[in-house]
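Build the full structure now, drawing on both the sequences and the hints.
Take 5 as the starting number for the sequence shown in the working numbering and just add one per residue.
No lab work stands behind these hints, which were simulated from the structure alone. Fair warning: there could be bad hints in the mix.
With a Cα cut of at most 35 Å, we get these calculated DSBU-like pairs of lysine-lysine [claimed, not checked]:
#, residue 1, residue 2
1, 144, 201
2, 7, 179
3, 209, 144
4, 246, 127
5, 209, 7
6, 127, 320
7, 7, 104
8, 127, 144
9, 144, 104
Quantities reported herein were computed from a predicted structural model and do not represent experimental measurements.
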Amino acid sequence: MIKEIDVSQLTAFRIGHAQDPVHATGCTAILCEQGAWAGVDVRGGGPATRELALLRPDTTVQQINCVMLSGGSAFGLAAGDGAMTFLEERGAGFDTGVGKVPLVCGASLFDLELVSFHHRPDKAMGYAACENAYLGTPPKEGNVGAGTGATVGKFHNTADMMKSGLGIYAVQVGKIKCAAIVAVNALGDVIDCETGKILAGLLTKDHTGFADTRLSMYEEMERAWNLWQGNTTIGCVITNAKLNKDQCTKAASIAHNGYAQSIRPVHLSADGDTIFVMASGEVEAAPDVIYTLGAQVMAHAVNRAVLTAAPAYGLKAASDFLA
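Okay, structure coming up:
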């Protein structure tokens, strides 16, 4: 009944990455040129976001053209300007009567501690990500785009963390297609959403195994008052289903269940966890089906973010511990 598909089968959307691997940062553009109904839900305590007011159900604008996920903390929000320029050149956007304004929302994660604080995604990188979305090649996973500098397991600050990345997972049920794209930069551990086994996260002092962030927090309660602030998992659920803005907002809220199934602990004060939902409106569907699928694909995409990440910048990855 439910089958895994390639994300390119959601034909209303295009996904492109651009990155600076030398300085461990990048961005990922999720484009819907003709416009998608959208919503957002922010659960973490330290988000860096762009144009979230557009997504309130009571605002005039009903559709957006792009979600830009990026590294670079709040500086990386500039990548969204590149998407605006790219979309304007293609004639996409909200028609004001005197011209079209592309509507670009976004969120950024903190990756500035890994190599360089002073190199971040900018307008040019955001534009390049949009260009790459139109190359016709399947988007890659792992150390690409917004996941280039992503890490997990930072309860001991950066001393015992691991390399993470960007994950994509898509499914189809009947005519309904649903996918998640997520850059995982969590303070906590990433766990297998099916088995509960730790896949990546806080390492033991000798870096030969997993310390288990949750247990470490309980054992070192004083450290919990001074958590490392360089975290945030940012993602987007896309679907061909017909949802309005209220329903997209609800879908984004429930998609956080996918984070809870695959990240432990999650939504802490030192995380900026954010999820967008974009719906192209091609197929009628019961909203609760989309809500359920959104959480499922997000949990699996989080797992793929660490499973496809490669060791880099002196950090181990999940692949180092797989038999």
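Next pair to validate is residue 7 with residue 179; report whether the Cα-Cα distance is within 35 Å. holds, 11 Å
Are the Cα positions of residue 144 and residue 104 separated by 35 Å at most? Within the cut-off at roughly 31 Å; holds.
Straight-line Cα separation of residue 127 and residue 320 no greater than 35 Å? Holds, at roughly 31 Å.
Hinted pair residue 246 and residue 127, Cα distance within 35 Å: This hinted pair holds, its Cα atoms lying about 32 Å apart.
Does the alpha-carbon distance linking residue 144 and residue 201 stay inside the 35 Å limit? holds, 25 Å
Need the status of pair residue 127, residue 144: alpha-carbon distance at most 35 Å? With Cα atoms ~21 Å apart, residue 127 and residue 144 stay inside 35 Å; holds.
So if I understand the rule, the pair passes when the alpha-carbon distance is 35 Å or less; does residue 209 with residue 144 pass? Measuring from Cα to Cα gives roughly 32 Å; hence the hint holds.
Between residue 209 and residue 7, does the CA-CA distance stay at or below 35 Å? violated, 41 Å
35 Å Cα cutoff - pair residue 7, residue 104: violated, 38 Å
Comparing the model with each earlier hint shows violations of hints 5, 7; every other hint is respected.
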